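Student: As a plain string of letters, each chain reads:
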Amino acid sequence: MTQTSTTTAPTGRAGLDWGRVGAWAKEQYPLYILILLLVIAGISTSAFFTPQNLTNLVLQASVIGIVTLAQFLVVLTGGIDISVGSVVGLAGVLAAGLFSGASVPLAILVAVLTGAAIGAINGWLVAFRGLEAFIVTLGMLALARGLVYAYTEGVPVTPQAEDFRGIASSTLFGFPVIGILWLVLAAAVAFLVRRTVFGRRVYASGSNKEAARAAGIPVRSTLFLVYVIAGVLSGFAGFLLASRVGVGTPTAGTGYELNAIAAVVIGGTSLVGGKGRVFGALVGTLIFAVISNLLVLLNVSTYLQDAFRGALILVAVLLTTIQFAKRKKARQLT
Amino acid sequence: MTDPSSTKTVAFEAVDVSKSYPGVTALDGVSLTGYAGEVLAICGANGAGKSTLARLLAGQEQPTSGSIRIAGWDKPINGPADAQDAGILLMHQEPMIIDDFTVAENVFIKCISSAGSVRGWKTVPRKRAEATREVLAAVGLHGVSPDRLGRELGPGLRQMLALSRTQVNEHTVLLLDETTASTTEEHFKDVLALVDRERAAGVSVIFVSHRMPEVFSMADRIAVLRNGRLVDVVTTSETTPAEVMTLMIGEAVSAIEAPAPVATTTRPVLEVSGLSSGSATDVSFEVRPGEVLGIYGLVGSGRSSIIRSISGNQTRDAGVVTLNGQEVHPKSPGEAAAKGIAYLTEDRRKEGFVKDFTNGENMTLATIKNYSRLGVVNRRKENKRIGELISEYQVKGGPSTLTRTLSGGNQQKVVIAKWLEARPEVVLLDEPTKGIDVGARMNIYQIVHGLADEGKAVVVVTSEAEEALMLCNRILVLKEGRFVGEFTPATSTTDDLIRASLAGVTA
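These protein sequences, in sequence, are chains X and C.
Last residue of the first sequence? That's 357 in the numbering used here, and every number before it is there in order.
Last residue of the second sequence? That's 1536 in the numbering used here, and every number before it is there in order.
It should be emphasised that the hints constitute simulated quantities derived from the structure, not laboratory data.
Check the hints yourself; a few may be wrong.
As the list claims (entries may be wrong) - Example chain X residues on the side facing chain C (calculated, C-beta under 7 Å, incomplete):
| # | residue |
| --- | --- |
| 1 | A140 |
| 2 | A227 |
| 3 | S230 |
| 4 | N231 |
| 5 | E233 |
| 6 | G297 |
| 7 | K298 |
To be verified - Mimicking DSSO-like on lysine-lysine, the simulated pairs with C-alpha atoms at most 30 Å apart in a straight line are:
| # | chain 1 | residue 1 | chain 2 | residue 2 |
| --- | --- | --- | --- | --- |
| 8 | C | K1425 | C | K1463 |
| 9 | X | K49 | C | K1360 |
| 10 | X | K298 | C | K1037 |
Unchecked claim - Which chain X residues stay away from chain C? Per the calculated CB distances, all over 12 Å, these:
| # | residue |
| --- | --- |
| 11 | K49 |
| 12 | R168 |
| 13 | V251 |
Bear in mind that the values here come from a model prediction, so they are computed numbers and not experimental data.
Every residue gets a Cβ at the ideal spot worked out from N, C-alpha and C, and that includes glycine.
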């Protein structure tokens, strides 16, 4: 910033446009909540900012973070996918159990294909049959979880591969690989939605289906693909969870859908579709992870923890309405 | 404002009313008086402050300074409910009809908003079926059953249904906020009759509009707003539409010359034969390069069906469409666009642009692939083209403004830019100036004429005879799904078109 920026007009490729930074900063209230939480965490317990706890936090956040990415894509289209938790469970037990869980690459393939298959069914019903995403994925939630129990008979599945835990337990420069995978996937999803034709179609379909169709966008196949991608992400998350635990647990992923939806909404993605950023979804995931972590460190009873999380959702959603109210006022000027 | 009618009873009075929002003064020291038994039109271009004034009068917003007084009401008006109690009845541009209520329930909707009438409400359909019929008949809705659901009615009928509430709700001031924007000429005479009755009953009618023919057929006085200020209040009998328009936009309006018919020697680009879809039946026509063909007709005559079915927005029952001699039958708008047929919707908000998209994103919506390689968008290339388009079409607000925040005229420019980027040979426009004010209309007309000059074949569907005459080289009039006449602007009047659309052509 050698030149004092007196130009108010958007100059395209100026070094740093402070007006835009300001506009960006105004929208980042989830980030401020996260920072505030981190400050509170640092003050209230010395156990928070320790390498071990932070590693733990990343491990906890990563799997749910990837599920949140899946949810983010679906919510961006104006839909919702409450089957993600069951997909995590089914992908996990199948990855550990099919082919005896003897090979890690094969296990990953099984998990991803499981997710893709379920996503394809969801997507077909929602996009091509015009059914409500909520009810379709609600059915799938029960169906997939039922399959998990039928397959495992309620007993965790132990894979044969000795390095099954390898991916989840290894670190790179002291940082958990699973966390790196999460961030890489987040970057990939961000690239997908912000930089590609497909991403533009996702936003357009989510914001205004009719206008998108009228402009020649293949709305249905776009929606279908979004559910498939969401399934793939959830399936992969299912493998990572099984890898972290070392076994395919029948209850794995239970309740993840709520966590993911809440994280997406707290991150500023609109439930009616067409609005939202991956960065917000990341921050939303971290907010949840920090809260959960902190409540454990502070020895809050498990029952109260759920209440805290619920209250957080309400507060965050309330904050978004306050923001929208402001925008509405600004819009009336024109 | 010397008023000869000082003997009349004052119905409402706005004294030095100003309204400012952060950064913008929408209304600046407006003083206006309305009399009982008089129709006062409030005219102005978009952004002139007429909607703001209407909102203030209806109690939906409070003035920043100044006051509004309603005769016979000495309490302050702090909200729409107070305004209703004070006797102000507001008719919105979008009719407030509840889709899942029956016609009768919609007519007597006030019963649910006033206290202590829960029981009375429940008996509405049975007890008041007869009353409902009477009320509906009073606004020209003779054939509408009180038991039909709100959602079953078309836009024209919905508006009339909303207007029927004037018969039920007591009021001293009737505020029509662009109420006729979606009214067709056939229903307009019912509105006119209604307004006449209201006037005779001593109601003070306020008519907010920028459509000159309607203003002049209705109003006794016309208040003109420009940039938030009251420019003048004129008596309708002592002025002309051109004068009022000049007041509205601050400069003389130059009328566009009626275009001459295009020579029939060139080969048609678009040929349609025996097309049936929706209410359009066995329609045939052809459009040559450089020609603007108008399709004029009443709502329900099948105007939109024709061009929607050509462009893949609606299915075809029968008929052959050829583009440059090749038969085309697009199944989706995307397919039509790929073949060179662009359809610009009548419902911009729903189909025209994506509501959360910026001008830039909307402009490249149909052609985003041109700026991408392997599915990845080249932002720099895209932004460069967007910049060019913004200045070419003079869209307000620049590339990163949300399209939905713009005025109708600017939105339409964005939509036009989007489709012209796809380089269509045939451009189908459905009500291209719906909801667009006078000044911006001319701009749109120029763009349409520019298209024709480039050699594109243009079809314009319109429900305004005046627009058809100003815009088109040739006009086909549609009645009940069939063409009943062909006109050229030079030798026809609005009257000819309207007559043909109602009764078929006799000449």
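Student: Against this structure, judge whether each hint is valid.
Tutor: Tested hints:
1. A140: 24 Å, violated
2. A227: Constraint on A227(X) satisfied, holds at 5 Å.
3. S230: The hint holds - S230(X) has a Cβ within 7 Å of chain C, the shortest such distance being about 4 Å.
4. N231: Interface hint status for N231(X): holds (4 Å vs cutoff 7 Å).
5. E233: 5 Å, holds
6. G297: 4 Å, holds
7. K298: Where the cut-off is 7 Å and the nearest Cβ of chain C is about 5 Å from K298(X), the hint holds.
8. K1425(C) x K1463(C): Holds. K1425(C) to K1463(C) sits at ~19 Å (cutoff 30 Å).
9. K49(X) x K1360(C): The given pair, whose Cα atoms are some 44 Å apart, is violated under the 30 Å limit.
10. K298(X) x K1037(C): 55 Å, violated
11. K49: 15 Å, holds
12. R168: Label holds. Min Cβ-Cβ 34 Å, cutoff 12 Å.
13. V251: With a cut-off of 12 Å, V251(X) remains clear of chain C, as the shortest Cβ separation is near 16 Å.
Taken one by one, the earlier hints fail for this structure at numbers 1, 9 and 10, listed in ascending order.
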